Amino acid sequence: DAGVIQSPRHEVTEMGQEVTLRCKPISGHNSLFWYRQTMMRGLELLIYFNNNVPIDDSGMPEDRFSAKMPNASFSTLKIQPSEPRDSAVYFCASTGQSGNTIYFGEGSWLTVV
Amino acid sequence: DAKTTQPTSMDCAEGRAANLPCNHSTISGNEYVYWYRQIHSQGPQYIIHGLKNNETNEMASLIITEDRKSSTLILPHATLRDTAVYYCIVPSYNTGNQFYFGTGTSLTVIP
Numbered sequence: 001d002a003g004v005i006q007s008p009r010h011e012v013t014e015m016g017q018e019v020t021l022r023c024k025p026i027s028g029h030n031s032l033f034w035y036r037q038t039m040m041r042g043l044e045l046l047i048y049f050n051n052n053v054p055i056d057d058s059g060m061p062e063d064r065f066s067a068k069m070p071n072a073s074f075s076t077l078k079i080q081p082s083e084p085r086d087s088a089v090y091f092c093a094s095t096g097q098s099g100n101t102i103y104f105g106e107g108s109w110l111t112v113v
Numbered sequence: 001d002a003k004t005t006q007p008t009s010m011d012c013a014e015g016r017a018a019n020l021p022c023n024h025s026t027i028s029g030n031e032y033v034y035w036y037r038q039i040h041s042q043g044p045q046y047i048i049h050g051l052k053n054n055e056t057n058e059m060a061s062l063i064i065t066e067d068r069k070s071s072t073l074i075l076p077h078a079t080l081r082d083t084a085v086y087y088c089i090v091p092s093y094n095t096g097n098q099f100y101f102g103t104g105t106s107l108t109v110i111p
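Listed in order, the protein sequences are those of chains S and Z. When you line the first sequence up against our numbering, it's residues 1 to 113, in that order. When you line the second sequence up against our numbering, it's residues 1 to 111, in that order.
In short, the hints are calculated from the structure, not lab data. These numbers were taken from a predicted model, which means no experiment stands behind them. We treat Cβ as the ideally placed atom computed from N, Cα and C, and that holds for glycine. One should not assume that every hint holds.
[Said to hold, decoys possible] In silico EDC-like cross-links for lysine to aspartate or glutamate, where the CA-CA straight-line distance does not exceed 20 Å:
no.	chain 1	residue 1	chain 2	residue 2
1	Z	Lys3	S	Asp56
2	S	Lys68	S	Asp57
3	Z	Lys3	Z	Glu66
4	S	Lys68	S	Asp56
5	Z	Lys3	S	Glu44
6	Z	Lys69	Z	Glu31
[Unchecked claim] Beyond 10 Å from chain S on every Cβ pair, some chain Z residues (computed):
no.	residue
7	Ser9
8	Asn30
9	Met59
[Said to hold, decoys possible] Covered, in the sense of this in silico footprint (three residues per stretch, anywhere, with C-beta under 8 Å from a C-beta of chain S), are these stretches of chain Z:
no.	region
10	42-52
11	98-110
Using the sequences and the hints given, assemble the complete structure.
So, in structure tokens, the structure goes:
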């Protein structure tokens, strides 16, 4: 199993630019999570999808952030426009029907300058 | 989500057992206790989970008190590679199975 695959692994962008992070969950998993991790705030849950439908987006910081899951094998997290305070590691994770275990990707390291 | 409380940091000598405590006094009867760990620069990794019985796997043992208000993760023979942040989580299935991570316990294994 390839695990949860995220891209890009690292991105450096200028303030104001659009950033798109991508995630491919584990095949057969029906729940997908986006997390953000910073030193100050730790690991925060941003949004949670179940069967491609957003269930809880209360963790999305503001309108600049949006997430989509057009099908069971792909999700995107978009930041537009990006700001320096968005610099963080963004993790995608997925879990199956039983919901017993979350599997994380290796993260996308975002730096906004 | 059932609130969990963990010590901020702990040290453990290499080769000794590391015992990481977690309080979850508001846990409901059908909620599991999960443990994850995060090694620097990597995504969190699943360790073990349990409902009310003690559990053991190749990585660790999980001891849950009879009243289920607290648990202890045991790494029987800690190695330097076990240095990580350990998270105790009780996901609430009533609100959709979200896994909220707190601040965890930063475990340092000392040579």
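Hint check:
1. Z/Lys3 to S/Asp56: With Cα atoms ~19 Å apart, Z/Lys3 and S/Asp56 stay inside 20 Å; holds.
2. S/Lys68 to S/Asp57: Cα-Cα ~11 Å, so holds.
3. Z/Lys3 to Z/Glu66: holds, 18 Å
4. S/Lys68 to S/Asp56: holds, 12 Å
5. Z/Lys3 to S/Glu44: holds, 15 Å
6. Z/Lys69 to Z/Glu31: Holds, at about 11 Å.
7. Ser9: About 14 Å separates Z/Ser9 from the closest Cβ of chain S, which puts it past 10 Å; holds.
8. Asn30: holds, 12 Å
9. Met59: holds, 13 Å
10. 42-52: With 6 residues close enough to chain S, the hint holds.
11. 98-110: holds (count 7)
In this structure, none of the earlier numbered hints is contradicted; all agree with it.
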